[in-house]
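Chains A and B, in that order, give the protein sequences.
For reference, each letter of the first sequence is one residue, going 1 to 113 in the working numbering.
For reference, each letter of the second sequence is one residue, going 1 to 113 in the working numbering.
Okay, derived cross-link-like pairs now, SDA-like style, lysine to any residue, Cα gap no bigger than 25 Å in a straight line:
| # | chain 1 | residue 1 | chain 2 | residue 2 |
| --- | --- | --- | --- | --- |
| 1 | A | Lys57 | B | Ala2 |
| 2 | B | Lys7 | B | Glu58 |
| 3 | A | Lys105 | B | Glu58 |
| 4 | A | Lys105 | B | Asp87 |
| 5 | A | Lys56 | A | Gln9 |
| 6 | A | Lys100 | B | Met31 |
| 7 | A | Lys105 | B | Phe61 |
| 8 | A | Lys100 | B | Ser89 |
| 9 | A | Lys105 | A | Gln64 |
| 10 | A | Lys57 | A | Val28 |
| 11 | B | Lys7 | B | Gly40 |
| 12 | A | Lys100 | B | Thr74 |
| 13 | A | Lys100 | B | Asp26 |
| 14 | B | Lys7 | B | Ser69 |
| 15 | A | Lys59 | A | Val111 |
Label pairs and their computed distance ranges (CB to CB):
| # | chain 1 | residue 1 | chain 2 | residue 2 | range |
| --- | --- | --- | --- | --- | --- |
| 16 | A | Asn93 | B | Ser5 | 25 to 31 Å |
| 17 | B | Val3 | A | Leu58 | 17 to 23 Å |
| 18 | A | Glu5 | B | Thr17 | 34 to 40 Å |
| 19 | B | Val113 | A | Thr62 | 43 to 49 Å |
| 20 | A | Gly40 | B | Thr20 | 19 to 25 Å |
| 21 | A | Lys56 | B | Gly52 | 36 to 42 Å |
| 22 | A | Ser7 | B | Thr17 | 35 to 41 Å |
| 23 | B | Cys13 | A | Gly40 | 15 to 21 Å |
| 24 | A | Glu15 | B | Gln28 | 41 to 47 Å |
| 25 | B | Arg15 | A | Thr77 | 45 to 51 Å |
| 26 | A | Val50 | B | Gln28 | 21 to 27 Å |
| 27 | B | Gln51 | A | Val50 | 24 to 30 Å |
| 28 | A | Val28 | B | Thr17 | 39 to 45 Å |
These aren't lab readings, by the way, just hints derived from the structure by calculation.
Computed from a prediction, not measured in an experiment: that's the story for all the values here.
For each residue, glycine too, the CB sits at the ideal point set by N, CA and C.
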Amino acid sequence: TQLLEQSPQFLSIQEGENLTVYCNSSSVFSSLQWYRQEPGEGPVLLVTVVTGGEVKKLKRLTFQFGDARKDSSLHITAAQTGDTGLYLCAGANSGGSNYKLTFGKGTLLTVNP
Amino acid sequence: SAVISQKPSRDICQRGTSLTIQCQVDSQVTMMFWYRQQPGQSLTLIATANQGSEATYESGFVIDKFPISRPNLTFSTLTVSNMSPEDSSIYLCSASAAGQRAFFGQGTRLTVV
Numbered sequence: 001t002q003l004l005e006q007s008p009q010f011l012s013i014q015e016g017e018n019l020t021v022y023c024n025s026s027s028v029f030s031s032l033q034w035y036r037q038e039p040g041e042g043p044v045l046l047v048t049v050v051t052g053g054e055v056k057k058l059k060r061l062t063f064q065f066g067d068a069r070k071d072s073s074l075h076i077t078a079a080q081t082g083d084t085g086l087y088l089c090a091g092a093n094s095g096g097s098n099y100k101l102t103f104g105k106g107t108l109l110t111v112n113p
Numbered sequence: 001s002a003v004i005s006q007k008p009s010r011d012i013c014q015r016g017t018s019l020t021i022q023c024q025v026d027s028q029v030t031m032m033f034w035y036r037q038q039p040g041q042s043l044t045l046i047a048t049a050n051q052g053s054e055a056t057y058e059s060g061f062v063i064d065k066f067p068i069s070r071p072n073l074t075f076s077t078l079t080v081s082n083m084s085p086e087d088s089s090i091y092l093c094s095a096s097a098a099g100q101r102a103f104f105g106q107g108t109r110l111t112v113v
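The following block holds chain A by itself, in its conformation from the complex:
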């Protein structure tokens, strides 16, 4: 069974601060995805990282995939209240038509004004 450990589980910060969320596994994934989920909604995909060592930027969000494709991090610069939500990492083993995801437990981020 593949497991993804996410840390921290909860994070409460002030607007303008920086933060990093980690996602670690002992297993190798073909790709890793980061989602954000707001209350009452389904998860919304932020980014997919595929290549070991890959870094992707989405405005103030920076995503990195570890060289061995077992871990990833999400860094948010100058957090805003609109960044509040549940951040989920999910590992995929996509072979052919299979796209089954294994989710981490999530990081609940609260950005206070």
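Here the structure of chain A is known, so what remains is to put chain B in place on it, guided by the hints.
Frame of chain A, contents of chain B only:
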């Protein structure tokens, strides 16, 4: 991208009854999945809905409790049978085309009383 509609969005049900959740995708997809998200928790995969054949269930989930149908490439249902308060959760439908990202419905919030 695919748009996924789930019905109902929420329901309150009596213990011992069953609820069927519908998932409609606006385009043909290869894979459809059902997840459960318990309060404050991450997503746990219940099963993969296979078109025209029995669903593939994950460990801890059985067909008698969570029967699933998928009559065509764009529609699936999940039934939560003989419900108990422990079944109170958010149930999410997910879909993906071959080698592409997974999309999620907005979820069905189920409360069993």
